[in-house]
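Based on the sequences and whatever the hints tell you, model everything.
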Amino acid sequence: TAAEMTRRLVLYEDVLEENRFPQTTLSDSQDERYGAPESVFFQGMKWGGMSADTSIFIQSGTNITNIESNSQGMWRIWSKLGAGYSTSRYVGEILNNGYACFPVLDNNNNPITDADESVEFVISARSSVPNDTTLVKAQFYIQKVISQIVEQVISGQIV
Numbered sequence: 048t049a050a051e052m053t054r055r056l057v058l059y060e061d062v063l064e065e066n067r068f069p070q071t072t073l074s075d076s077q078d079e080r081y082g083a084p085e086s087v088f089f090q091g092m093k094w095g096g097m098s099a100d101t102s103i104f105i106q107s108g109t110n111i112t113n114i115e116s117n118s119q120g121m122w123r124i125w126s127k128l129g130a131g132y133s134t135s136r137y138v139g140e141i142l143n144n145g146y147a148c149f150p151v152l153d154n155n156n157n158p159i160t161d162a163d164e165s166v167e168f169v170i171s172a173r174s175s176v177p178n179d180t181t182l183v184k185a186q187f188y189i190q191k192v193i194s195q196i197v198e199q200v201i202s203g204q205i206v
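The opening residue of the sequence shown carries number 48 in this note's numbering; numbering runs sequentially from there.
Think of the hints as simulated: they come from the structure by calculation, not from any bench. Built from N, CA and C at the ideal position, the CB exists for glycine as well. Where hints are given, some of them may not hold.
To be verified - Now the in silico label distances, taken between C-beta atoms and shown as ranges: (1) Q77 with S135: 31 to 41 Å; (2) E164 with E115: 17 to 27 Å; (3) L63 with G203: 26 to 36 Å; (4) Y137 with S107: 26 to 36 Å; (5) F88 with Q199: 17 to 27 Å; (6) Y81 with S107: 16 to 26 Å; (7) F89 with E115: 15 to 25 Å.
Structural data, given as structure tokens:
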């Protein structure tokens, strides 16, 4: 599945070697997540790859500002967006694959750093809307669903 593909890519070091993509290296995985270190087209760019996805679907399901300020930067989101209109099927479609890891916070909203605790998940979602040439409806539906799922994962309603 797309979710499993995303998991194997972003968690390269944690995936058993026989389950990794053939002929893929840690460097390949890092380039996918953060972008190529020496980009020909985007020289000097600090972030790229899946860390610089234009979609903010996962972030919108959280209070990412609060997470950033309270977690001391101890969080990650990697995602990839695919979107377009199919002229053969007459549907606007969006596919988003993402991985997120957020720290568990204590009662004072500080990250629990003495334990290896986090909220970690992989998500793949697709919306497909007939005759949605602008993708406005497709984006609305995928944003709504991903936000609801992320909120439930972070709150512990989905484990």
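Cross-check of the supplied hints:
no. : hint                       : result
1   : Q77 with S135: 31 to 41 Å  : 37 Å, holds
2   : E164 with E115: 17 to 27 Å : 18 Å, holds
3   : L63 with G203: 26 to 36 Å  : 28 Å, holds
4   : Y137 with S107: 26 to 36 Å : 28 Å, holds
5   : F88 with Q199: 17 to 27 Å  : 39 Å, violated
6   : Y81 with S107: 16 to 26 Å  : 22 Å, holds
7   : F89 with E115: 15 to 25 Å  : 24 Å, holds
Violated hints amount to a single one, hint 5; each of the other numbered hints is respected by the structure.
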